[in-house]
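Number of protein chains: 2
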Amino acid sequence: MTEDAPPKTPPILQTPRNTLQRLSRRASYDRAVIHAILDDGYVAVISALVEGAVRAQPIYYWRVGDELFVHGSRHNALFKALMDGQEACITVAHLDGLVLARSAFHHSMNYRSVVIYAHAREVTAAAERTAVLKQSVERLAAGRWGQIRKPSEPELRGTMVLGFAISEASAKARSGPPVDDPDDYGLPVWAGVVPCKLAFGEGEEDTNAQPPA
Amino acid sequence: MTEDAPPKTPPILQTPRNTLQRLSRRASYDRAVIHAILDDGYVAVISALVEGAVRAQPIYYWRVGDELFVHGSRHNALFKALMDGQEACITVAHLDGLVLARSAFHHSMNYRSVVIYAHAREVTAAAERTAVLKQSVERLAAGRWGQIRKPSEPELRGTMVLGFAISEASAKARSGPPVDDPDDYGLPVWAGVVPCKLAFGEGEEDTNAQPPA
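Protein sequence lines, in the order shown, are assigned to chains A and B. Quick note on this note's numbering: the first sequence kicks off at 1 and runs consecutively. Quick note on this note's numbering: the second sequence kicks off at 214 and runs consecutively.
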């Protein structure tokens, strides 16, 4: 890819499979909405058929443009299945709050989630691989790539970088207070939302001068 | 189930499929470890074959004894597939920290995760259903079940409660500082862990007197 190539912008494809049937008012097929949810997280779950059974694995991911990337060992059984052509179903979900209603039935959660169906492509070209791996570090701390030791040739050989088009994708979200039945609003019980989020603490510096035994 | 029946304690089955091949030092098959990770979260991802393709869905879950439970609409396509006999692969993952190493290659995450393979059973007996649904609310706020309106008959008819044996299960976790190559410890870059956790804020009371328009 050259610097001045136009950005790839495949449409978000709305297929029968990624069109939400249940609670469809909570769904979105807007690229900006989907990207924002993805950029707000670190761990996806990749599901695929491995040796005839459905397997799923939590994994670190990051987004560059219209693709979601993961990396890992070449010996990973899930990666091998994806390279053999198995389709991935990728989910990212953020919990935003517990919704405590006045009735058991209307208890709920506030959340934002994305589901993507895609086949993996391996990123093999050296320049693209470096650019994509750089992003995996830079999103953790801007400028960090310039400070750390870059991957060696043996490290690169053992690492597989996989990209997934964010195209057959959908977002689903709920926000706001509980929605109870009209007759229940008078019940003498606290109702509302207990908000939550992934919160980061102060960095804990590693003062070791050598690898732990 | 009667009150004085002995607790069910199926062993955690270590099968070829749930025995971790990669980084097996991070794995555990201990029931207490697995239960503790499950009890520390709210959202699982259930993956299964639906109409021939792998699908995954984030969902609220809770644990009672040696089973993990979820509930939802009878019209949920994933639930239908599970009731038709498709096996579920259930993952729960908690991110505990970003591990910033001195080399790109050794960047990592601190996490705790569980993967369970299981077939669903529908909870149909009225007494067990009520007990299990009670737990779904009580874990959010102890004593709450006694304060809210209980499910009506129509609500119960539309709700499916599914249980999954926590048996063919495994836990995987990483903790602690980065582990860099010996030669990299002298590099002039901050290394360590940025801890994170799901943090809850003050409850936001719903002051509506009727459902939002």
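I should point out that these hints are in silico values taken from the structure, not numbers from a laboratory. Glycine residues also receive a C-beta, built at the ideal position from the N, C-alpha and C atoms. Don't take each hint at face value.
Claimed, not checked - With beta-carbon atoms standing in for the labels, derived distance ranges:
id	chain 1	residue 1	chain 2	residue 2	range
1	A	124	B	363	43 to 53 Å
2	A	15	B	363	37 to 47 Å
3	A	199	B	366	25 to 35 Å
4	B	287	A	197	52 to 62 Å
5	A	84	B	334	48 to 58 Å
6	B	227	A	121	30 to 40 Å
7	B	367	A	188	42 to 52 Å
Hints, verified against the model:
no. : hint                      : in the structure
1   : A/124 - B/363: 43 to 53 Å : 58 Å, violated
2   : A/15 - B/363: 37 to 47 Å  : 40 Å, holds
3   : A/199 - B/366: 25 to 35 Å : 41 Å, violated
4   : B/287 - A/197: 52 to 62 Å : 32 Å, violated
5   : A/84 - B/334: 48 to 58 Å  : 33 Å, violated
6   : B/227 - A/121: 30 to 40 Å : 35 Å, holds
7   : B/367 - A/188: 42 to 52 Å : 24 Å, violated
Figure legend: structure checked against the earlier numbered hints; hints not met, in rising order: 1, 3, 4, 5 and 7.
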